[in-house]
Structure formats: structure tokens, C-alpha cells
Amino acid sequence: MKNVFLTVKENRPLTNDFYKMVLEGECSGHTAGMFVNIKLQDFTLRRPFGIADADNHSITLLYKVVGLGTKYMTTLQNGVIIDVLTCLGNGFNLGKASKPLLIGGGTGIAPLFKLAKELKSKYPNIILGFRTHEDVCMIHEFSEFGNVHVTTDDGSYGYKGNVLSYLKSTGIVYDYYYACGPLVMLKNLTSIDKNGELSLESRMGCGFGACMGCSIKTKSGYKRVCKEGPVFNASEVIFDEQT
Amino acid sequence: MNRLEVELLGKKLKNPIIPASGTFGFGYEFAEYYDINILGSIALKGTTLHPRYGNPLPRVAECKSGMINAIGLQNPGADQVISTELVKLKKAYRDKAIINIGGHSFNDYIDTAKKFNGISNIWAVELNISCPNVEGGGMAFGTNPLIIKELTSAVKRVITNPLIVKLSPNVTSIQDMAIAAEEGGADAISLINTLVGMRIDLKTGKPIISVKSGGYSGVGVFPIAIRMIYAVSSCVKIPVIGMGGISNAREVLEAMYAGAHAVMIGTQNLIDPYACQSIINELPDVMDQLSIRNIRDIIRRSI
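Residue numbers (the numbering used here), protein chains in the order written: chain W, 1 to 243; chain F, 1 to 303.
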């Protein structure tokens, strides 16, 4: 973890409620799957976001407007300096797959972007699921790194259905998957196949392991999404019954 | 001469800054961020006799001036705290820490507290009778003066370290609770724990916290804490450790004016992992501005 001050260099909508933000400054040390935790003026708790991309000098975030905090984020102009905790969490295990499959649902596509970039040489299959055509984005960008398959719940773009029904109905060949998306998607995915890893989202207090606000049950005891995660082996996670 | 030094229960602290239980884990993980040996002491994560997973998620909800938490005392249990967590702490922290203990019954508290007798890096026990997030015990004990007195005395009898009783603000008369703890044999009082609060998600129409309500903390509770630190310091002879929404050096001094011999920093650690370090660094300048030579001279100044 590092506490740095980063400058907003780009902040624009990709769809109605899904934004891209680029932050510049001391950004070294990120691997795919890590997250950052952003302090917003007048909000008590920081906001955690999986990094969509990063190099030594910049971080790209893809965020959805879901509440007052993210709504406020959309108003940040280029040049604004924000307080960020960087290099949080464990990140994906890149060495596991020779034929990788990436599965992203909704905002869950964000952390898969840097992963896709780093797995480019293996030309991964990438399934991106959205509710409807208005939410579809980043297809062109992902296509640079792998074979992209798009699903929408209402069939208004690509395959009609969710990412799992698509996976079941097609013969995509893969030996290991990386998934990020709604909990119910991840839970159902693990009931089909446990040979992969999941990036989990959680409401967090601190984001760096101090408060136990985001603990989940795993086969080897409770683990903090922010510290031992956010990436977990699919076979490890115990999903709550209500999921 | 260290102008930040204070004495608490016969122990000299480098400064009055102690991270509050539940906001600093078992301490050692913060050693990744800064040298935790600069701290006055450390209050460790609430520990129970047996391991506890805690409450279902969501456990946290944000508020304008603070947050609600309902962690539910997640901890690996006293035995593992001693065999693993305290061993890791020892490698990162040369001084002794304060163990915070929780429970559901008198026996839970007694059996847990006893386990920390003779543990080399523990110097005091903080009795958590004010946690709003566990069923039975916790706050149910800490809002009844008769139980406070009896439990304090039962735990005091079996432990060899000083006993700090942590009080809940969710009471009609905080003085009555403090006097009960003092009569039960408490060596010090720490306050305030969190205030019971609730937030509702307007989209789902349901409380955000899985167990509906939780403990409200953060900058919004500071004036309530000051008033209660003042009230308790005015009516007991044992030292008071003040906490509740403290986020900077000026507020540390305010809590000490109100009677605190030392202070605990809680929620601010979750927002800024370097909070305690920043406050310690900031204190001398703020003291200069107020012409305070030694911080111990201001304890109870306003009473």
C-alpha cells in the first residue's frame, strides 16, 4: 500500500452511467487485480475501485455511478488532485492458465482489462456481459488482447442471455478462468467449474485490512476481501445462502 | 524531557496516542505503513474466548460525519490470539499492548481475561462491555450499573494486569456506569464506544447493515464524547482514557482538557492509516500555539 496524491487527467462517460477516469502521479507497483481506495472530499469513507489499467505514471479506473460518492466523482475536473491509497489487495495469478478465459459481468469488466492486456500473448477468450446494448462498452479495447464475446440480458447486443448461459451453450476451450462480476454470477459460475479465480467486490470500511468490514467465509477460514483478496480461488470461497 | 509523555496506571507512555480497539487489528499489520513503536500504546482487536466469524456482510455503512459498523467481534479466539497474533505483534512492537476482551457471559469474560495473565507483551486488559454488535453480553452488560459493578469485580479478581472498563454512551447516565465500574474495582475507564445507529438503503428500502443497526463512530460523535469524558472525569477518581471522533491534535488536547489521561484514535485510522503518526507529529506545534509546555499539565484543565 502507498498513500499518494494523483491528478485527474481524464474523466468521461463511456455509457450513461459508466465512466473512465485516468489519474496521473506515482502509480508504480500495480499488478492486474489490485485496487485503489480513493478519498473524496466531504465523504467519510474511501471508495475502492479495481484498477482497469496502470503503469508507473498513471492508473485507469472504470466506475459506475451507483451512489452519491460516485456521482460526485463524475464532477471532478482535469487537474484536480485526489488522495489515493494504491497497490491494495493481492491481484490475479497470471501463471495459472495456458488457455485463459476471462468472464466479466457489468462493472466487473474493469479489473479484467489489465489482465487481458497482460495475457495478450495467450490470446484469451473474453466474455463480457451487460444488461442491455446501452451498457456495452470497451469491446474495441478488449479486442486488442483476445477473442471477445458479448452478451446482453435482453439480447439487444450480441448473445441474448447472461455470461454463464453463453459459456454453457458454446464450446469455448479454456483451462483456467478469471471472473469478476455480481456475486450471484460468481456463485453460479463456481457451481459449473471451480478451476479459476474470482475477483470479489465488497463494501469496505478501510480497504487495507484493519476493520474486518469485508470478511468472507472461505474453506480456510475467514478472509478479508481487501487484504487476502480481492482475488480468491474459486474453490475456496463459501457463498452465503442468500446470494 | 519528552513533553508528550503521560503516565497511565503506573506506566509511562511516550505520548497519549493509542489506536482504539477494532481499528488497528493486532497492530503488526500497521508496521507495514509506519514504525508503530512511536505510539503511546495499542489497544488490540476485541478478543473472545472462542473464534468468532462475526456478522454477515454488509458490516459497514457510511454516514455524513462518520460510519456505522457491525463487525460482530470477528476474531480468531483467545488461544490463537496468544499463539499467533501476539507473537507477530512482538516482532513489530517492542512495548506491551492492551488486550480488549468481549464475551456473552460472566464466565466468557473471566475465562478470556485470565488467559492473558503473564503474557509478556500485554500490560492491561480493556473490558468491552459496550459493543453494540453482539447478542447478549456486550452492551447489554454495559448499560446496567449493577452488572457493570459485578462483572468488573469478577474479572478484576482473576487478572494480574490493570483493568480498563470501556463504557457505552448508549445510557441515560454515563456517570452511574462509571461509578459502578470504579466501585467494582476498575483501574481506569475508557469511553466512548460507538453509538447505536442505522442507515436505510433507499433503493431496497432495507437497512444497509445486515443486522440492521450497528455502532456509529467518527467525527460526528466528538462533542458527545467530550461531554461524556468531562462528566465521567468529574465523578470518578480513576483515570479516564478518552475517545470518540478524535481526528487531529487539537481534538486530542480538547479530550485531555475534558479529563482524559490518554486518548484512543478509532475511525480515523480506517480513513487514514497514518492518522496516529500524523497526530503525534502534529502535537508539539499545536501545543506551542497554545503555550502548553508538557501535555500532562493539561489533563483535567477544564474541570
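Hints listed in this document are in silico derivations from the structure and should not be mistaken for laboratory results.
Certain hints may be false.
Claimed, not checked - Pairs of lysine-lysine, DSSO-like flavour, derived with a Cα cap of 27 angstroms:
{"no.": "1", "chain 1": "W", "residue 1": "Lys2", "chain 2": "F", "residue 2": "Lys114"}
{"no.": "2", "chain 1": "W", "residue 1": "Lys217", "chain 2": "F", "residue 2": "Lys64"}
{"no.": "3", "chain 1": "F", "residue 1": "Lys88", "chain 2": "W", "residue 2": "Lys64"}
{"no.": "4", "chain 1": "F", "residue 1": "Lys203", "chain 2": "W", "residue 2": "Lys71"}
{"no.": "5", "chain 1": "W", "residue 1": "Lys64", "chain 2": "W", "residue 2": "Lys117"}
{"no.": "6", "chain 1": "F", "residue 1": "Lys114", "chain 2": "W", "residue 2": "Lys219"}
{"no.": "7", "chain 1": "W", "residue 1": "Lys20", "chain 2": "F", "residue 2": "Lys96"}
{"no.": "8", "chain 1": "F", "residue 1": "Lys64", "chain 2": "W", "residue 2": "Lys39"}
{"no.": "9", "chain 1": "W", "residue 1": "Lys2", "chain 2": "F", "residue 2": "Lys90"}
{"no.": "10", "chain 1": "W", "residue 1": "Lys187", "chain 2": "F", "residue 2": "Lys90"}
{"no.": "11", "chain 1": "F", "residue 1": "Lys64", "chain 2": "F", "residue 2": "Lys11"}
{"no.": "12", "chain 1": "W", "residue 1": "Lys71", "chain 2": "F", "residue 2": "Lys64"}
{"no.": "13", "chain 1": "F", "residue 1": "Lys11", "chain 2": "W", "residue 2": "Lys223"}
{"no.": "14", "chain 1": "W", "residue 1": "Lys96", "chain 2": "W", "residue 2": "Lys217"}
{"no.": "15", "chain 1": "F", "residue 1": "Lys212", "chain 2": "W", "residue 2": "Lys217"}
Does the structure keep F/Lys64 and W/Lys39 at a Cα separation of 27 angstroms or less? Within the cut-off at roughly 14 angstroms; holds.
Can the restraint linking W/Lys71 and F/Lys64 be considered satisfied, given a maximum Cα separation of 27 angstroms? holds, 15 angstroms
Quickly compare the C-alpha distance for W/Lys96 and W/Lys217 to 27 angstroms and report which way the hint goes. holds, 23 angstroms
Can you confirm whether the C-alpha distance between F/Lys203 and W/Lys71 stays at or below 27 angstroms? With a Cα-Cα distance of about 16 angstroms, the restraint between F/Lys203 and W/Lys71 holds, given a limit of 27 angstroms.
Are the Cα atoms of W/Lys217 and F/Lys64 separated by 27 angstroms or less? violated, 30 angstroms
Hint check: F/Lys64 vs F/Lys11, CA-CA at most 27 angstroms. Holds or violated? Given pair F/Lys64, F/Lys11 is violated - Cα atoms ~38 angstroms apart, limit 27 angstroms.
So if I understand the rule, the pair passes when the alpha-carbon distance is 27 angstroms or less; does W/Lys2 with F/Lys114 pass? Cα-Cα ~39 angstroms, so violated.
Regarding the pair W/Lys2 and F/Lys90, is the alpha-carbon distance no greater than 27 angstroms? holds, 24 angstroms
Compare the distance between the alpha carbons of F/Lys114 and W/Lys219 with 27 angstroms, and conclude whether the hinted pair is satisfied. violated, 31 angstroms
Are the Cα positions of W/Lys187 and F/Lys90 separated by 27 angstroms at most? Measuring from Cα to Cα gives roughly 40 angstroms; hence the hint is violated.
For W/Lys64 and W/Lys117, compute the direct alpha-carbon distance and say whether it is at most 27 angstroms. holds, 22 angstroms
For the pair supplied as a hint, W/Lys20 and F/Lys96, is the alpha-carbon distance within the 27 angstroms limit? Between W/Lys20 and F/Lys96 the Cα gap is close to 47 angstroms, so the pair fails against 27 angstroms, i.e. violated.
Violated hints for the displayed structure, listed by number in ascending order: 1, 2, 3, 6, 7, 10, 11, 13.
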